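**Student:** Spelled out from the first residue to the last, the chains are:
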Amino acid sequence: NAGVTQTPKFQVLKTGQSMTLQCAQDMNHEYMSWYRQDPGMGLRLIHYSVGAGITDQGEVPNGYNVSRSTTEDFPLRLLSAAPSQTSVYFCASSPGGLAGGHRTGELFFGEGSRLTVL
Amino acid sequence: GENVEQHPSTLSVQEGDSAVIKCTYSDSASNYFPWYKQELGKGPQLIIDIRSNVGEKKDQRIAVTLNKTAKHFSLHITETQPEDSAVYFCAASRGSGGYQKVTFGTGTKLQVIP
Numbered sequence: 001n002a003g004v005t006q007t008p009k010f011q012v013l014k015t016g017q018s019m020t021l022q023c024a025q026d027m028n029h030e031y032m033s034w035y036r037q038d039p040g041m042g043l044r045l046i047h048y049s050v051g052a053g054i055t056d057q058g059e060v061p062n063g064y065n066v067s068r069s070t071t072e073d074f075p076l077r078l079l080s081a082a083p084s085q086t087s088v089y090f091c092a093s094s095p096g097g098l099a100g101g102h103r104t105g106e107l108f109f110g111e112g113s114r115l116t117v118l
Numbered sequence: 119g120e121n122v123e124q125h126p127s128t129l130s131v132q133e134g135d136s137a138v139i140k141c142t143y144s145d146s147a148s149n150y151f152p153w154y155k156q157e158l159g160k161g162p163q164l165i166i167d168i169r170s171n172v173g174e175k176k177d178q179r180i181a182v183t184l185n186k187t188a189k190h191f192s193l194h195i196t197e198t199q200p201e202d203s204a205v206y207f208c209a210a211s212r213g214s215g216g217y218q219k220v221t222f223g224t225g226t227k228l229q230v231i232p
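Line by line, the protein sequences give chains H and Z.
Numbered per the working numbering, the first sequence spans residues 1 to 118.
Numbered per the working numbering, the second sequence spans residues 119 to 232.
Hints listed in this document are in silico derivations from the structure and should not be mistaken for laboratory results.
Remember, predicted model here, so these are calculated numbers, not experimental data.
Here a beta-carbon is modelled for each residue, glycine too, at the ideal position from N, C-alpha and C.
Be careful, since some hints might not be right.
With beta-carbon atoms standing in for the labels, derived distance ranges [as the list claims (entries may be wrong)]: (1) Z:Ala-188 to H:Ser-69: 39 to 49 Å; (2) H:Asn-62 to Z:Ala-147: 34 to 44 Å; (3) H:Ile-54 to Z:Lys-176: 13 to 23 Å; (4) H:Gln-17 to Z:Gly-134: 43 to 53 Å; (5) H:Gly-40 to Z:Asn-171: 39 to 49 Å; (6) H:Asn-28 to Z:Glu-157: 33 to 43 Å; (7) H:Gln-17 to Z:Leu-164: 44 to 54 Å; (8) Z:Glu-133 to H:Arg-77: 42 to 52 Å; (9) H:Asp-73 to Z:Gln-163: 38 to 48 Å; (10) H:Asp-26 to Z:Lys-189: 36 to 46 Å.
Within a straight-line C-alpha distance of at most 25 Å, the following computed BS3-like cross-link-like pairs (lysine-lysine) qualify [as the list claims (entries may be wrong)]: (11) Z:Lys-219 to Z:Lys-175; (12) Z:Lys-155 to H:Lys-9; (13) Z:Lys-175 to Z:Lys-140; (14) Z:Lys-160 to H:Lys-9; (15) Z:Lys-186 to Z:Lys-176; (16) Z:Lys-227 to H:Lys-9; (17) Z:Lys-189 to Z:Lys-175; (18) Z:Lys-140 to Z:Lys-227; (19) Z:Lys-175 to Z:Lys-155.
Chain Z stretches covered by chain H per the calculated footprint, using a threshold of three residues with CB under 8 Å from any CB of chain H [claimed, not checked]: (20) 158-164; (21) 223-231.
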């Protein structure tokens, strides 16, 4: 059972470069989200999606783009990387979404992608 | 929006002792309070959760209590073992328009000393 798969696990970028962090889940979850984890700041929501074709901003969306063309995939794009985006990024999914089901429930996290921007 | 405060940020206990982590939340509409454990190099994993219609929930050595009036909830780990060493996050969540809005605390690094 793969669960939530994130790639790459590690990435080093130069300021101004762009890249995409990939996230895929095989649990048919409607809800997917991206968090960043920084020391002393916990997990902060970047963007989320309640179903294919629907995305919305979280707490810290600036500098990031997302799309949700399929239920399985939710890529996170960094448009022009900045040192402030150095962080560990986690993708998470949950059964809850627009079609109903559990409106609040367990988040299933990937193992994270560590990004360094020089 | 919701604000979740978590204390302490670090906690060291001797093996076999108990550990308590406390969180407060600000949004009275929050109705779901999960706790996640994050081991080194891994993503957070749910270990226990409680909903707002329950005051206490236990699962073997871990328990969570919720005081809705005071807007605080706590994680209790008894008979701690070295494998309990990890970072623990509390969170507060509420359903809104078909999705859940989850706010995490800043985490507690628990070290269990053998």
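**Student:** All the hints need checking, so say for each whether the structure fits it.
**Tutor:** Here is what the structure says about each hint:
Separated by about 45 Å at the C-beta atoms, Ala-188 (chain Z) and Ser-69 (chain H) satisfy the suggested range of 39 to 49 Å. One distance hint, 34 to 44 Å for the beta-carbon pair Asn-62 (chain H) and Ala-147 (chain Z), is violated here, with the actual separation near 26 Å. The supplied range of 13 to 23 Å is broken by Ile-54 (chain H) and Lys-176 (chain Z), whose beta-carbon atoms lie about 38 Å from each other. The given range of 43 to 53 Å is respected by Gln-17 (chain H) and Gly-134 (chain Z), whose C-beta atoms sit roughly 50 Å from each other.
Separation of Gly-40 (chain H) from Asn-171 (chain Z) is about 33 Å and departs from the stated range, judged on CB atoms against 39 to 49 Å. As the Cβ distance of Asn-28 (chain H) to Glu-157 (chain Z) is approximately 26 Å, the hint placing it in 33 to 43 Å is violated. Roughly 35 Å separates the CB atoms of Gln-17 (chain H) and Leu-164 (chain Z), a value that falls outside the hinted 44 to 54 Å. The hint said 42 to 52 Å for the Cβ distance between Glu-133 (chain Z) and Arg-77 (chain H), and at roughly 45 Å that hint holds.
The hinted range of 38 to 48 Å is not satisfied by Asp-73 (chain H) and Gln-163 (chain Z), whose Cβ atoms lie roughly 22 Å apart. For the hinted restraint 36 to 46 Å between Asp-26 (chain H) and Lys-189 (chain Z), the CB-CB distance of approximately 37 Å keeps it satisfied. A threshold of 25 Å between alpha carbons decides the hint, and for Lys-219 (chain Z) with Lys-175 (chain Z) the separation of about 22 Å falls inside it, so the pair holds. The suggested pairing of Lys-155 (chain Z) with Lys-9 (chain H) holds, with an alpha-carbon distance near 20 Å, which does not exceed 25 Å.
Simply put, Lys-175 (chain Z) and Lys-140 (chain Z) have alpha-carbon atoms about 15 Å apart, close enough for the 25 Å limit, and the pair holds. Restraint check: the Cα-Cα separation between Lys-160 (chain Z) and Lys-9 (chain H) comes to about 11 Å, which is no more than 25 Å; the hinted pair holds. A C-alpha spacing of about 18 Å is found between Lys-186 (chain Z) and Lys-176 (chain Z), which places the hinted pair at or below 25 Å, so the restraint holds. The straight-line distance between the Cα atoms of Lys-227 (chain Z) and Lys-9 (chain H) is roughly 23 Å, inside the 25 Å bound, and the hint therefore holds.
With a C-alpha separation of about 16 Å, the suggested pairing of Lys-189 (chain Z) with Lys-175 (chain Z) holds against the 25 Å cut-off. Taking the CA atoms of Lys-140 (chain Z) and Lys-227 (chain Z), the gap is near 13 Å; set against the 25 Å cutoff, the hint holds. Taking the CA atoms of Lys-175 (chain Z) and Lys-155 (chain Z), the gap is about 17 Å. The hint holds against a cut of 25 Å. Check result for the stretch 158-164 of chain Z against chain H: holds, 6 residues qualifying (beta carbon to beta carbon below 8 Å, three or more required).
Counting residues of the stretch 223-231 of chain Z whose beta carbon lies closer than 8 Å to any beta carbon of chain H gives 3, which reaches the threshold of three, so the coverage claim holds.
Of the numbered hints stated above, those contradicted by the structure are hints 2, 3, 5, 6, 7 and 9, listed in ascending order.
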